[in-house]
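Q: So you can see what is in the structure, the chains are spelled out below.
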Amino acid sequence: MAGNIKVGVLALQGAVREHIQILDKLGVEAVAVKRKEQLVDVDGLIIPGGESTTIGKLLRQYDLQAPILEFHAKGKPIFGTCAGLIIIAKHITENNEPHLPLLNVTVQRNAFGRQVDSFEADLPIKDVAEDFQAVFIRAPLITEVGADVEVLSTVKDQVVAVKQENLLGISFHPELTDDTRLHAYFLNMVKKAIEKHQ
Amino acid sequence: MTQTGTDRVKRGMAEMQKGGVIMDVVNAEQAKIAEEAGAVAVMALERVPSDIRAAGGVARMADLKIVEEVLKAVSIPVMAKARIGHFVEARLLESMGVDYIDESEVLTPADEVYHIDKSTFTVPFVCGARNLGEALRRIGEGASMIRTKGEPGTGNIVEAVRHMRMMQSQIRKVTGMSRDELMTEAKELGAPYELLLQIHQTGKLPVVNFAAGGVATPADAALMMHLGSDGVFVGSGIFKSSNPAKFAKAIVEATTHYEDFALIAQLSKDLGSPMTGIEISKLEAHERMQERGW
Chain H
1 MAGNIKVGVL
11 ALQGAVREHI
21 QILDKLGVEA
31 VAVKRKEQLV
41 DVDGLIIPGG
51 ESTTIGKLLR
61 QYDLQAPILE
71 FHAKGKPIFG
81 TCAGLIIIAK
91 HITENNEPHL
101 PLLNVTVQRN
111 AFGRQVDSFE
121 ADLPIKDVAE
131 DFQAVFIRAP
141 LITEVGADVE
151 VLSTVKDQVV
161 AVKQENLLGI
171 SFHPELTDDT
181 RLHAYFLNMV
191 KKAIEKHQ
Chain C
1 MTQTGTDRVK
11 RGMAEMQKGG
21 VIMDVVNAEQ
31 AKIAEEAGAV
41 AVMALERVPS
51 DIRAAGGVAR
61 MADLKIVEEV
71 LKAVSIPVMA
81 KARIGHFVEA
91 RLLESMGVDY
101 IDESEVLTPA
111 DEVYHIDKST
121 FTVPFVCGAR
131 NLGEALRRIG
141 EGASMIRTKG
151 EPGTGNIVEA
161 VRHMRMMQSQ
171 IRKVTGMSRD
181 ELMTEAKELG
191 APYELLLQIH
201 QTGKLPVVNF
211 AAGGVATPAD
221 AALMMHLGSD
231 GVFVGSGIFK
241 SSNPAKFAKA
251 IVEATTHYED
261 FALIAQLSKD
271 LGSPMTGIEI
281 SKLEAHERMQ
291 ERGW
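Keeping their order, the protein sequence lines are chains H and C.
Heads up, the first sequence is in this note's numbering, so the first residue is 1 and it goes up one at a time.
Heads up, the second sequence is in this note's numbering, so the first residue is 1 and it goes up one at a time.
Treat the hints with care, as some may be off.
Which chain H residues face chain C? A few, computed with CB under 7 Å, are given here [as the list claims (entries may be wrong)]:
# : residue
1 : I5
2 : G49
3 : T54
4 : L176
These aren't lab readings, by the way, just hints derived from the structure by calculation.
The structure presented is a predicted model; accordingly, all values stated were derived computationally and were not measured.
Cβ atoms here follow ideal geometry from the backbone N, Cα and C, with glycine treated the same way.
Chain C with its partners taken away, still in its complex shape:
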């Protein structure tokens, strides 16, 4: 007897991405550059986050023609984004054979109260989180992979660092607590008790946790790996740099060999210029994508 869409199969898919880099692409040509550079997956989008930021208006699921084009262009897994709460967008992506869906704050939320009930899907989901409570709520809804939210499309790593440090420190805290403190902690974090208990026992999240939202250089990627990320998403950082193929390859290598500083130094020489960054304090409250989702 065989079974599809089990937790083990959905979470296992993310386990296979560990130590790798997932890159945002907007067409087949970029997808091929990403695959050639050694990406473990690509995220098919209509616009990278920095362009979504620039364009304003409502950002929706990508034109499915782009998704189809990317699915055909590469043999590595293809992910795509659906709006928070928009389970029909997610069903459409699932029906097209997308390998992973990102219920993403980069797009304009479709529901300001509820996220998608991801447990009812065969395709696995990744969701963003800023802290342990948010991560566990998403896992409770059926997410099979977590990533930091960071602040997408800024090329500024500070928010991803904040979110990863927060999650790791909260995991350490829960691991060190006595069991009778856990229920109150669950209440304070807004996290399902059973998942908190699991972290208390294992010392780690039950799913893979990647860095995302602001990675722009090989050193940024290595920094996130040192802080405990299982791998890295790079959005605008590659195709908004001056030499995407070279940046892509360098970020892949820096993620694999994040402890080899001499190698990362070598990789970082003469790379060209990274994407133009945005200082977070210059963003108005409504421009902060990380505040989307609850």
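Excised from the complex, chain H in its bound form:
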């Protein structure tokens, strides 16, 4: 589908393989990013689901914070799913220190409860799908959104998907289904960013 686009998946911990499989399916070259040098030649970055505390610690241990903030400053898109959303949020409730303060929202970790409360639901997502099968696992919620943030989807009246310029953040796991539409939406953001900078 998309010629020379290269998308990185932050591969410190979590559902890395599933994102790479979906990118493969969409005909895009995917790179598992473990070190900052690998950020240089990717056009967009996905931060996957996993344990946000673990991913956050490893980000710091391997000096990945500044290089990813720089990556964003260059206008390259970032897509965070579940733990990835927590990682890119500007504010995290309960005084948790933010990891990559980019997306102008406040998130609450494990907002739906423990694992027994994890669920799946069919959701409409603005500009993406009417019936996206969304899998929520110990998922975070977006409790506050900044003025520059567009809400793409809600469940039980709570915000679970947002977009802000080159940032896409969602509470659930599109990588756990065969549905490629959210990834295709993100690739469009990547394509537009490339065109803009040419």
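Position chain C relative to chain H; hints supplied.
A: Same frame as chain H, now just chain C:
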């Protein structure tokens, strides 16, 4: 409409643990050390396996006060062990909000014939296996995650290596078979045919497969990742070492960067001493926990 406890939700939870380390802890203080070191989950226990081995007698589900204490202490997922076949212990853990239950051979089995019907629970289960047949029987009963049994509480990686190599080689064999050979293979492995067919088509287990039972050093963790583990459980290896915080952190890093040998070498320097190990041949047959479960 929303649905809880589906296969996708239960198996997905384990998918999120991939590339991570799950650590055994016996109190809130240890749970915090594990979380601080970057563990993706903790397993709340009354005693770590090497102490269970030393204590002898009947090992049961942990005192629920310990489980509660650990649930309150950390924000990462909390797992706990129930005895094989003891579905009431499992229901109690589920009612307390434990995120994953390990139906574990480390505890004394409550049923010598049947495992728990895990498909009837909302909470997901992990179970140990030594080979593909055992793994698929557990998945057939509803397990959402598999781990090697290894030989718990020994600090000896040899059994976990044996079990992981066995499973990977059996998966390769099934993948390469022709379809008409599968039913006989299912019969020989004692595995559900439909699950075997699924492996034949996808080339992998339908759930995440972790290493467990004997991981004691960062190099052990990296070894298991190279052999195809999706992540690592460390039982006695952390809190029976001379410097648990340092060991925990080093094992987490070695699991993430298992291909970076220079980094693992660096991590392994001056770590202090790992837990004292046990040579497997020194164990009497009845002391081998891996023989529990069927």
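Q: Hints first: check each against the structure and report whether it holds.
A: Hint by hint, here is what the structure shows:
1. I5: Violated: closest Cβ of chain C sits about 25 Å from I5/H, beyond 7 Å.
2. G49: Check passed: Cβ of G49/H comes within 5 Å of chain C, closer than 7 Å.
3. T54: holds, 5 Å
4. L176: Cβ of L176/H sits 5 Å from chain C, so the hint holds.
Going down the numbered hints, you'll see the structure goes against just number 1.
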